[in-house]
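Chains as they are written, first to last, in this note's numbering: chain A, 12 to 814; chain B, 48 to 266.
Treat the hints with care, as some may be off.
[To be verified] Some chain A residues close to chain B (C-beta under 8 Å, calculated; not the full set):
id, residue
1, 274
2, 278
3, 484
[What the hints assert, rightly or not] Chain B regions said to be covered by chain A (calculated; three or more residues, Cβ under 8 Å):
id, segment
4, 96-108
5, 116-127
6, 135-143
7, 150-162
To be clear, the hints were calculated from the coordinates, so they are not data collected in a lab. Where a beta carbon is used, it is the ideal one built from N, C-alpha and C, also for glycine.
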Amino acid sequence: MRRTALSALLSHWRRHPLQLVSLLLGLALATALWSGVQAINAEARASYDRAAQVLGQDRLEQLVPSDGQRFSQDVYVTLRRAGWIVSPVVEGRWFRAGHSVQVYGIDPFTAPQGTLPGAVQAGGGIVDFITPPGQAYAAPQTVADLAGQEGLPPLIAAEGMVPGILFTDIGIAQDLLRAPGRISRLLLAQGQPANRPPLAQIAPGLEPRAPQEQADVAQLTGSFHLNLTAFGFLSFAVGLFIVHSAIGLAFEQRRPMFRTLRALGLPLRTLVGLLAAEVMILALIAGLVGIALGYVIAAALLPDVAATLRGLYGATLSGGLSLRPSWWLGGLAIALAGAGVAAAQSLWRLWRLPLLAPAQPRAWARASARGLLRQGGLAAVLAGVAVLAGVFGQGIVAGFVLLGAMLISAALALPGALAVVLAGAERISRGVLAQWFWADTRQQLPGLSLALMALLLALSANIGVGTMVSSFRMTFTEWLDQRLPSELYVTARTEEEAARLRDWLTPRSDAILPIWKVEGPVLGQPAEIYGVADHRTYADNWPMLRAEPDVWQTLARGEGAIVNEQLWRRERLSLGDPVPLPGGVERPLVGVYSDYGNPRGQVIVGLADLVAQFPDLDRRRFAIRTDPAKVPELRAALVADFGLPQDSMIDQVTVKQISLMVFERTFAVTAALNVLTMGVAGLAMFTSLLTLSTMRLPQLAPVWALGLTRGRLARLELGRAMMLAALTMVLAIPVGLLLAWVLLAVVNVAAFGWRLPMHVFPGDWLWLGALALAAAGLAAAWPAWRLARIQPTELLKVFADER
Amino acid sequence: MLLSLEQVGKTYVSAGMPVEVLRGVDLCLGRGETVALTGESGSGKSTLLHLCAGLDRADRGHIEVAGHDLTAANDAALAALRRTAVGLVFQQFNLIPSLNVAANLAFQARLAGHEDDAWIKALADRLGLSDLLGRYPEQLSGGQQQRVAIGRTLAARPALILADEPTGNLDEATGDAVLDLMMELVAEAGAGLLMVTHSPRLAARLSRRVHLSGGRLAA
Chain A
12 MRRTALSALL SHWRRHPLQL VSLLLGLALA TALWSGVQAI NAEARASYDR AAQVLGQDRL
72 EQLVPSDGQR FSQDVYVTLR RAGWIVSPVV EGRWFRAGHS VQVYGIDPFT APQGTLPGAV
132 QAGGGIVDFI TPPGQAYAAP QTVADLAGQE GLPPLIAAEG MVPGILFTDI GIAQDLLRAP
192 GRISRLLLAQ GQPANRPPLA QIAPGLEPRA PQEQADVAQL TGSFHLNLTA FGFLSFAVGL
252 FIVHSAIGLA FEQRRPMFRT LRALGLPLRT LVGLLAAEVM ILALIAGLVG IALGYVIAAA
312 LLPDVAATLR GLYGATLSGG LSLRPSWWLG GLAIALAGAG VAAAQSLWRL WRLPLLAPAQ
372 PRAWARASAR GLLRQGGLAA VLAGVAVLAG VFGQGIVAGF VLLGAMLISA ALALPGALAV
432 VLAGAERISR GVLAQWFWAD TRQQLPGLSL ALMALLLALS ANIGVGTMVS SFRMTFTEWL
492 DQRLPSELYV TARTEEEAAR LRDWLTPRSD AILPIWKVEG PVLGQPAEIY GVADHRTYAD
552 NWPMLRAEPD VWQTLARGEG AIVNEQLWRR ERLSLGDPVP LPGGVERPLV GVYSDYGNPR
612 GQVIVGLADL VAQFPDLDRR RFAIRTDPAK VPELRAALVA DFGLPQDSMI DQVTVKQISL
672 MVFERTFAVT AALNVLTMGV AGLAMFTSLL TLSTMRLPQL APVWALGLTR GRLARLELGR
732 AMMLAALTMV LAIPVGLLLA WVLLAVVNVA AFGWRLPMHV FPGDWLWLGA LALAAAGLAA
792 AWPAWRLARI QPTELLKVFA DER
Chain B
48 MLLSLEQVGK TYVSAGMPVE VLRGVDLCLG RGETVALTGE SGSGKSTLLH LCAGLDRADR
108 GHIEVAGHDL TAANDAALAA LRRTAVGLVF QQFNLIPSLN VAANLAFQAR LAGHEDDAWI
168 KALADRLGLS DLLGRYPEQL SGGQQQRVAI GRTLAARPAL ILADEPTGNL DEATGDAVLD
228 LMMELVAEAG AGLLMVTHSP RLAARLSRRV HLSGGRLAA
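Chain B with its partners taken away, still in its complex shape:
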């Protein structure tokens, strides 16, 4: 199993009051599987994604990614897991502004220590970025930046891809094209994808959909 969550709970303190965002979430995701995570704003979708990526820690329950127990892992182990096994696609792209497209694309693969130039070149071609390799993020449109962010994630060949509304900033046609590509590449690499989305249309295109409401998941 690529991702496994058991009775995961998370409580935040907001304005001095505890707010229980997740109340015992269970979820499993296998290789080649694509799962859409939907829910209303503030329902805890991003929090759940952050817990799966080891960016935040659960208060209760158990999380396992690619055989690694996140609950017991220290910061260094979590960082290593993010480097090697997990790929994150952020809603805000989070590209490195001082690096050009080519360097951004290769960045995570280099960080993980397995850069594959041919694979990165192929990714750039398929994402339509080949002519933009020398540009800097500030010189790109939102859609182009999002494609670079997806390419950066896929270049490292992660086992698990966690995407937070990756097409939220794109028009429908571009969003569809990007999702097509992502699913294609996930299938080729035998990876797993957990994608947060507000769009029922996009959610329907993934192999499974789970809905977060009241801090619990419903299929």
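If we strip away everything but chain A, and leave its shape as in the complex, we get:
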């Protein structure tokens, strides 16, 4: 019995292959976009987890300096002598010729068991490892990236290592990082002797730090991945509209069959069970296709995401994409869940359907004022939720609740809004054909509403995200001009060379502005502390958001500090509040500046103040103010007179180019997802129009019989689709602008800590509107062409079937 009934149910798909394709494609695309994003996130998370395991910091306690600065290795010797079982680590970033790598220097003799990567332990040849030039172990990808770089010890590729890092002996690393005799932290072995003297007594500058399960970078990038997930979910939701539409249509078309099956003796429970199984089988097939597509999408987007993460957060992802069971099982689960959600309403209706209910396909293509009202009510409730989240919500989750509620509310309100517009048009239209057109369009709304809602979501997302990106680009470009006023940036190889360079440059330039900084904890989070020279360049250019009068003079006197916007927002600081610097000194806050693209907190104090607090700081970098026309000449002279490598200097133009490139790559993923979402919405339009066209004949045949040609009917159908798309586009503009505002003023602030001014770009809307019209026109073209070519006998059948 079940087999016979199932074969009858499945035979529907054989006779309607396009519907089957649209259902499978919709679900596959939805799954692909979702699982593609998840694959990227899973890859990133795996990289962060591996980073957290480096040197066993996920399970070992450590001793770290309370001011965040490197300290003398004499402290290590003192601790060892006092009975502490510790092992020294020096770490830092090594830069050369546009390449950088995180260097870890370790002591292979004292490193606790299991802290070194297997490759390092198994490598043998301890003498080669510790004797100059030493050896450095790194992931094969990193070894390839660094190939040919001078100044590094011989590189050994080791599988299973985190990309972007390099392990070497502590002595070799101290040379590489120019930190002779200095160490960054100490690893504490498990099982320390009980009678060892207290830490405060023998190493007062150190404090214990508990094992960290998450790498710092995982915390930093959390918002970025949440953003990506939100976009993936939006795409998934748009895809689900197609699935819901296709499943709903298939159920409606088979209503007579369901009635017949039940009348012929198929129990309701069996019928519902079989339909649920059918949906799950289709979801499984579509899910597998979607996962394969998702893998392709992820592989295509991963380089851009990796570049973004590297550019924004300094996080390195491995280049390859792994097929993780958690990811593809998750993809299948979301496909099944999505299909289940899309089918639930139809199954519930069938369960409640009386056996003798009329078998004609029902309200699917018939306007239902009550349904529209109910949907409008739900839209109002969600709009209320959005307002509440906007007014009372805090943080990024509230931001996404606001976004989600607002978008769904707008989508749900769309059919009602369109019905009002169409009813108005019907009232004011004069000709009989125009009246029929508007009335008939209104009748088509329920059938098209899901596709139009998907289109609204895609268009709003496009406008919203486009506005955000363009606003960001405009602000960022202006900001770069302010932030990078110096014409040339130079990094000397040694401190002595830096001193000689400064002497040499003084008569040959307008000003030399040191770029000296230290890193350390500020208000409990890692931060950078810069010193700024007393020069009018800053007063003229620096992008201050708010400041006390004479802020630069105050800094020059060492009587204040300014912080970047993200630190100011995160800690809710006010001007005048004390800013504690590493080492215990405090300075009052005298200003706040914008600092886009930087995830960390930043503090600026006067240069003399910084040097007084941190006399050991790295003094090799500085910026040069000069006539831009003299920059090439100056560069050539620095190379000729000092033998300075080209990569030690970078001019303003290049820095800006690099910054803008990082910016563009950051939003490349967003742009790609935007295009894909639009594609999915276009497909939703196409499948809805195509399937509706097969149910339209009973409405069109009488009009044809009354004297309209098939060609004219087809043109009207085409015009109807484009008119609905145009109306949807008009309604999408305010929704998109609202979305942009939420992204700029709520989500960005919560995710990155900076707020951007909003600019509108009506030219982009025109372009998007044209795209929407083209999508609707293309979607309607095939059904319209079929209508124009339909045989009169097909239209006559409508009358023959009437009883």
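Use these hints to put chain B onto chain A, whose structure you have.
Showing chain B alone in chain A's frame:
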């Protein structure tokens, strides 16, 4: 007794008002018997047929089909009865649009779990459907569809056939031919037939005629 109705009553609510369609109907139908059910439009003929098929439930009275008490049966039992003992011929054919003629013909027999290919082939021949087996319902005329619907019912060899104006969509000659065949096959299978019809001419051809009026049956 194949079909037995005792004091069956059914009330519908229409526009908020109760409408008593059947007011204590009594009817018996034995094996090999063919009964015509006539009555004006809206007199409750289709409702009575639906109650006999277990598609709807009576408010009052007692219905028994092939020894099964429909009044006490749950939905699953009613579905099983429709599958195995009752054959329905609908006025609107109700063929499965996505299955071809051959699959439609065999459908109910397969559903009941006793498909007899030879019998189905013989039915197709006698109904003049042998050349149409590969076609789909939308490619058939109304008369051809009705013949498929009758063939589908007879293929399962039901004990009781309930037909709702089975020739209502056919011209007189085709209608007569289809009814001839149906009665022939009913007689061969020893089944019972209760047929709703508006046509006194067709009603006269059946072994008995009952008339529904004012919610009650009159012979």
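Requested in this report: Determine which of the earlier numbered hints do not hold for this structure and return their numbers in increasing order.
Outcome: Structure breaks hint 3 only.
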